[in-house]
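J.: The lines below spell out each chain.
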Amino acid sequence: MLRFVVRRLAGMAIVLFAVSVLIFLIFNVVPNSNPAQQLAGKNARPFLVKNIEEEWGFDKSLPEQYVTMMKLVVNGELTSYEPRIPVNDRIKEGIPATISLSVGAGIIWLFFGILLGYLSALKPGGLLDRLLTAVAVAGISIPVFLLAPVFIYVLAEQLELFPNGGYVPISEDPGEWFKHLILPWVTLAILSIGFYSRVLRSNMLDVMNEDYVRTARAKGLSERKVMTRHVLRNSLIPIITLFGLDFGATIAGTAIITETLYDINGVGSYAADAVTNFELPPIMGVTLYGAFFVVFINALVDITYAYLDPRVRLGEAAAE
Amino acid sequence: MSPEPLLSVSDLQVGFATEGGLLQAVDGVNFELRPGEVLAIVGESGSGKSVTAQTIMGLTRGHNSRIEGSVQLDGEELLTAGDAAMRKLRGERIAMVFQDPMTSFNPVYRLGAQIVEAIRAHRPDTSKADARARVVELFDSVGIPEAERRVDDYPHEFSGGMRQRAMIAMALALEPEVLIADEPTTALDVTIQAQILRLLEDLNRERNLATILITHDLGVVAEVADRVLVMYAGKVVEQGTLDEIFYDPQHPYTWGLLGSLTRLDRPRPKRLPQISGAPPSLLELPEGCPFRPRCPHEFSKCTQVPGLEARLPDAPKHCDRCWLTPEQKREKRHVEGQIGLEAPA
Amino acid sequence: MSADLQPEANTAEGRGPWGLALKRFLRNRVAVAFLGVFILIILFVLAAPLWANNVADTGPNETHTLEKITVDGEQREVVTPEGKPIGPQWFGAGGKFFLGADSRLGRDEMVRLMYGGRTSLLIGVTTALITTLTAIVLGLLAGYYRGWVDTVIARTLDVLWSLPVFLVGLALGISLAIGGLKLGPIEISGGSLWIPILVISIFTVPYIARPIRGEVLALSEKEFVEAAIAQGAGPLRLMFGEILPNLASTVIVFFTLTIANNMLFEAGLSFLGAGVQAPNSSWGTMITVGEELLRTQPLLAIIPGTMIMLTVLSLNIVGDGLRDALDPRSKVRLEAHLGVAEPEGTAV
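Protein chains in written order, with this note's numbering: chain A, 1 to 320; chain B, 1001 to 1345; chain C, 2001 to 2348.
Simulated from the structure, these hints should not be mistaken for lab results.
No experiment lies behind these values; they were computed from the predicted model shown.
Ideal placement from N, C-alpha and C gives every residue a C-beta, glycine not left out.
Each hint should be verified, as a subset may be incorrect.
Stated by the list, open to error - Simulated DEER-style distance windows between Cβ atoms:
#1 A/Met70 <-> C/Gly2232: 49 to 57 Å
#2 C/Tyr2145 <-> A/Arg8: 22 to 30 Å
#3 C/Arg2027 <-> A/Ile182: 57 to 65 Å
#4 A/Lys123 <-> B/Asp1130: 35 to 43 Å
#5 A/Ile240 <-> C/Pro2235: 34 to 42 Å
#6 C/Ala2228 <-> A/Pro238: 26 to 34 Å
#7 C/Gly2232 <-> B/Thr1186: 31 to 39 Å
#8 B/Leu1022 <-> A/Ile240: 41 to 49 Å
#9 A/Arg8 <-> C/Trp2148: 18 to 26 Å
#10 A/Leu115 <-> C/Pro2211: 42 to 50 Å
#11 A/Ile240 <-> C/Trp2018: 36 to 44 Å
#12 A/Pro46 <-> C/Phe2240: 50 to 58 Å
#13 A/Lys123 <-> B/Asp1314: 54 to 62 Å
#14 C/Arg2155 <-> A/Asn277: 30 to 38 Å
For reference, chain A alone in the conformation it holds in the complex (with noise of 0.2 Å):
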């Protein structure tokens, strides 16, 4: 098991490499033409972009305008050119929003989706199944920009319900943090809902057909015990793997849109401002920012599938 941590470990520093080129490569080549000049921003004034030039050594090899961008980044010295302000210390100030609503959106949409997709196994082609299903399927077609404005002109603003967007930080008032998240939470986890219930049921309708399943019965178990420490055991694992690159993801800033929507100041929306401002640097960080997470909680992914699924740890198993 250790050795396989170890390996794992290693593995991500390779990508996270890779990764690190690869956005060097989007930033800095692909686009072509000037570089500089777009780093500047649109409105920038001629001596910022010959700053910009020397700043970056645009001028030097490609290897070496790699290792001065990854300089930067460490040192946290990347900054925003208009306004002028660290691009990290805006990053870590967002941070907390960002997790919050991750990881509340995150458990909601676990556990209902678990939920329902366990419902909807146990008696398929039923009626709470087809019921189930038809709102899953809902779920996952509704985008983000049409619930949140459904939700905050109908529930918000009309009604009243809740509050208006914006966040408070659980330090300030947590009774007050909880109400502002509790729209954007159930935003974001709608669309994960439908998703997982529908994995998680067709899941469980694979596994219900394997021969452990057939034993088990045949063992004298009682029907709530095989589907419970056998079906959904051996179901669950893909979806704990699922559930860790998309947490992973919108940790990662993913939910931009919900974030810009509900006027919460993560590192989400700080990425949609620099976006509408053509910023580079600071989309240049959170992209950095959100690839590390992603690669990191992907190698946390994959060593925990290691332990949940014992034949991933022998390497190729198959002992025969």
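Given the coordinates of chain A, assemble chains B and C onto it according to the supplied hints.
T.: Chains B and C in isolation, oriented as in the chain A frame:
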């Protein structure tokens, strides 16, 4: 042997409603099993042998299945028993060993733990330690070396033969009265097959354990069985004692099965004998005798389904489903000096 | 593994698997209904020029800020002096501003909805095509050749997969939108639709390529491939003649679902400004515009959002229906799997 049968199956019918119509997987199976007896059910895939076994265990119940007839264990009717009653019975009074031990164990739990689970499901007062000790004992008795250590291994860490022994151990854990082994050796290497069969034989002898052995391999049958049931397309086409089936077979299908056994003590046949054709789809059964399309001896009467009857005066328990007279059968079943089925004209 | 029942193979009476699948699909009334919805949506956006020229009498980008229209005899301003655009008129003004004006700019929302839809659907379908084709080629190469070819492809997919796709898509979209793309002889300007198309296509590839690679790996182990090799088939014939046809049902289902997924991706990018650029518009950009007036004229954001939802929902349901029709085993589940007859039977 006690005169009362332990397990008694009468006119068992099992059908399944499918998209293509009603599929009659089992059509009229009758047999009795006494304590300590070994009954072999022989047939190809799709003959209904596995469905019969699983129906006895109550594993085929569902809204798609239509089950009729009677299955009695010690006088208790199983087909109409409630789900809770069936659950208690499984593992404790009738236990089953499945074909593929790799997929029949849950890969994410330790193997010992899965047997402990079975024990504690029926005897909840057993402590985990006691149950584990029992599992070690069982592993020993089925011939798994280093039992103490191997109890904590995962299924994929066992070899095929060891896994099958573990499966048998699990079946024996609660000391059932009947053991059903569904193709227990099919997924194993030939050398391991022999070991497993010997194990089953020993168990049957030592514990007086009534056994139903399901297989497509007549060679296996000859080793262990007391009585044999031959099934084809859901129907029993011949049934009798081991000697009756091997030395005085009455049905052309049985002749074909016997003929396709290659034997070391006879000269090599000129061509590898087989039964031509393939079993019919259960949704489109031929008119009359189900074996008719493949039978070189079919004649006009075969368009009527033959009843399962004892047609030999001095063997009242030896039944078959073939319209040929006993004299015709004795004559036609010899091909090139041994029992077999001739090639079609 | 257990044998599942496939009665179709015997009662088919000569009907091929595609005919059977079609029959099964048609029996799924919900899927057929939503296929109808999808077709209606396509017709809706195709009718854009007809509507624009004959009913609304305006284009999607024409502004009418200072104009007035006649509604039921009365004169009404398209945009009030405070900047509030007129609400839905339905047929009150002869079809003009059917859904109202879209913002301070006074553009006809209905016309924009139709034209924007064309862009959204176009991008959805084109990206799905590109992604699927690329994924098929990559999956075939990786799964068939294995070895280092597979390693290179699989690792690249892994790296792409590890990226926070939406963020990177955002970043790439915006930087290409500013500067355009110049790769050797290929030159694409920043405002072109090809930018979002390329960005979306590239980042969706791993999601499709990985499952396809998995299936190719499994398929290439099967006997019919060995048989073809024994007949002297070369790699191209094997990949495209033997393996690819077996992938067909997976590919069809994926293609449908990818269109839906990519439309959502595009809408997200465009909403944030990194997708479709002015003067082009899509349902996503319309939501950006509508969001500003969310508190007062919520319809402006909700209507394009609803169109996206309807399209995605229809595609998802149709995709599911296709999956059920093409692989009946995923639906037919007998209680306990049994050694029930495989219709072909097996010889002793």
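J.: Now tell me, hint by hint, if it's right for this structure.
T.: Here is what the structure says about each hint:
1. A/Met70 <-> C/Gly2232: 49 to 57 Å: holds (53 Å)
2. C/Tyr2145 <-> A/Arg8: 22 to 30 Å: Given range 22 to 30 Å: holds, Cβ gap about 27 Å.
3. C/Arg2027 <-> A/Ile182: 57 to 65 Å: Given range 57 to 65 Å: violated, Cβ gap about 42 Å.
4. A/Lys123 <-> B/Asp1130: 35 to 43 Å: holds (37 Å)
5. A/Ile240 <-> C/Pro2235: 34 to 42 Å: holds (38 Å)
6. C/Ala2228 <-> A/Pro238: 26 to 34 Å: holds (33 Å)
7. C/Gly2232 <-> B/Thr1186: 31 to 39 Å: holds (35 Å)
8. B/Leu1022 <-> A/Ile240: 41 to 49 Å: holds (42 Å)
9. A/Arg8 <-> C/Trp2148: 18 to 26 Å: Taking Cβ atoms as reference, A/Arg8 and C/Trp2148 lie about 22 Å apart, which means the hint holds.
10. A/Leu115 <-> C/Pro2211: 42 to 50 Å: At 27 Å between Cβs, range violated.
11. A/Ile240 <-> C/Trp2018: 36 to 44 Å: This hint holds: roughly 38 Å between Cβ atoms.
12. A/Pro46 <-> C/Phe2240: 50 to 58 Å: Roughly 55 Å apart at Cβ, these two residues keep to the hinted range, so it holds.
13. A/Lys123 <-> B/Asp1314: 54 to 62 Å: holds (55 Å)
14. C/Arg2155 <-> A/Asn277: 30 to 38 Å: Holds, at about 35 Å.
Consistency with the previously given hints fails for numbers 3, 10, ordered from lowest to highest.
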